[in-house]
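First to last, the protein sequences are chains A and B. Residues in the first sequence are numbered from 1206 upward in steps of one, following the numbering used here. Residues in the second sequence are numbered from -6 upward in steps of one, following the numbering used here.
It cannot be assumed that every hint is accurate.
Cross-link-like lysine to aspartate or glutamate pairs, in silico, EDC-like; alpha carbons within 16 Å at most [as the list claims (entries may be wrong)]:
| no. | chain 1 | residue 1 | chain 2 | residue 2 |
| --- | --- | --- | --- | --- |
| 1 | A | K1311 | A | E1323 |
| 2 | A | K1276 | A | E1335 |
| 3 | A | K1276 | B | D282 |
| 4 | A | K1311 | A | D1247 |
| 5 | A | K1276 | A | D1288 |
| 6 | A | K1276 | B | D289 |
| 7 | A | K1304 | A | D1247 |
| 8 | A | K1276 | B | E262 |
| 9 | A | K1304 | A | E1335 |
Since the hints were made in silico from the structure, they are not lab data.
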Amino acid sequence: MTRLALGLVVLGLTLAPARAQTLVADLTSHLIAITTGFTGTDVVLFGAIDGDGDVVVVVRGPETPVEVRRKERTLGIWLNRADMTFAEVPGFYSIASTKPIAQLAKPEVLERYHIGLEHLALVPVDPGDEIEQFRQALVRNKQREGLFPTTTGSVSFVGSRLFRTTVSFPANVPTGSYQVWVYLIRNGQVQGAQTTPLLVSPLGLSADIVDFAYRRALAYGLIAVAIAALAGWLSSVVFRRVS
Amino acid sequence: MQVYLPIAEMSVNALTILVLGGIVGFLSGLFGVGGGFLMTPLLIFIGVPPAVAVGTQSNQLVGASVSGVIGHWRRGNVDFRMGLVLLVGGLVGSVIGVWLFSVLRRIGQIDLVISLLYVILLGTVGGLMLAESVRAMMRQRRKAGVRRKLHQHIWLHGLPFKMRFHKSRLYISALVPVAIGVLGGIAVAVLGVGGGFFMVPAMIYLIGMPTAVVPGTSLFQIIFTTAVVTVLQAVTNHTVDGMLAVLLLAGGVVGVQFGTRFGSGLRGEQMRALLALLVVGVCIKLFVDLVLPPDDFYSIVVPSQT
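Work out the full structure, taking the sequences as your base and the hints as a guide.
What follows is the structure in structure tokens.
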């Protein structure tokens, strides 16, 4: 992914060699802290472009393999009979733009930059016959979980050069390193691209719990059992007092 | 109030979890079943990843069963000797179960085996209990006051290694409770539940224990099996969510006290009939899910988490 990211940045710069600063953008915050009261959050992205054009903002979460399973009816029972694993599926994918992306560039261009859900590169580990069905099922399931927002957000211009947009993250957003891509599209071509990192990370009590659970798993398990046993004993003592 | 669950990586309403824990705790205290067979599907239903649901609720069961055992012990309704014998079998069974689980996973149909096992086990156990308890209620109505035999002696009880269980007023072969413990242990490892829904009827009908001491003894045994499972889950899969467990516990330990109290006011066959109805209900729900076409034929999983 980093290699791909680097390649795109280089590509974006070489497309506009005369004006290296065709596009600047930044986030109001580069860290989404997941605390105990986390219920999802919004991050504002703002920036400026040099001259006219349209802006597309793509947010991609950390990639993991995902297995898609299909149920089929066998002897009257619905069983998982077929599956396909996709290698690098972003844990989160959202898009915002000044105009509907279909009006901005040809599908080939959008395909090259993975702009839009239908142009997202999802590559199966073992390509089978029905890639398209499994691919659609993957996107549909992710959308049901709210991790591939179905609506295209809007990027609004403030004046002629400044723009801003709000990216919404749901409560079940996966933790890890995110990439925020900002593209400048002019005359159906990508004229500039910029990437900004964003970290989604547990903080405070929830971070401590995660850290403890992974680093000292045995102690964590024993303490969990001890707390449970203590709580059980306490409640029975309290209840005897009450009655 | 929304609370973020760090291991499950999602946000839930704390009140929902408290109420859920309370209801399952109540049933747990009432029947002596851990309630795992109810809690796991409920947690998955509200969006908790299945692995985290199984790992965390075993932790919660430790607390609920400790609370329940103390409640039953005060009323003198725990046969510790029987519990220990069952536990020996249980530990052996869970080792076999862990091995069986890995074999089934290699074959690739673990989900189906779990669902089918649930349907078969719950259906058989629930159906038999329901039929028996209804018969018992009708018999009692017809000839009230006639003293029944303490328990039926079956050929199983004549096997070697006879032991005396004072609390249960039994003198039977220790092989029977050990064997039941082994089966319960396998259920714990393969199905990720305490095994109470299966142990309780086995203790009543196969061992012939008095109904009054069954819930306490079953819970006593469940404390240890669920504690072992919790530690194993925490070490191997990191699927015990501390935050979720605390919320479930807070609801559960209160619920279980009410359950124990309410249960001592019920007659044995009424209690058995209620448990049977519950078990049959869950069985029908699972069966319908297997047979009805799903909303979406496709589902997604992250391979490392299953």
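Checked hints:
no.	hint	result
1	K1311/A to E1323/A	holds (13 Å)
2	K1276/A to E1335/A	holds (14 Å)
3	K1276/A to D282/B	holds (12 Å)
4	K1311/A to D1247/A	violated (30 Å)
5	K1276/A to D1288/A	holds (9 Å)
6	K1276/A to D289/B	holds (9 Å)
7	K1304/A to D1247/A	violated (21 Å)
8	K1276/A to E262/B	violated (41 Å)
9	K1304/A to E1335/A	violated (33 Å)
Going through the hint list in order, the structure does not satisfy hints 4, 7, 8, 9.
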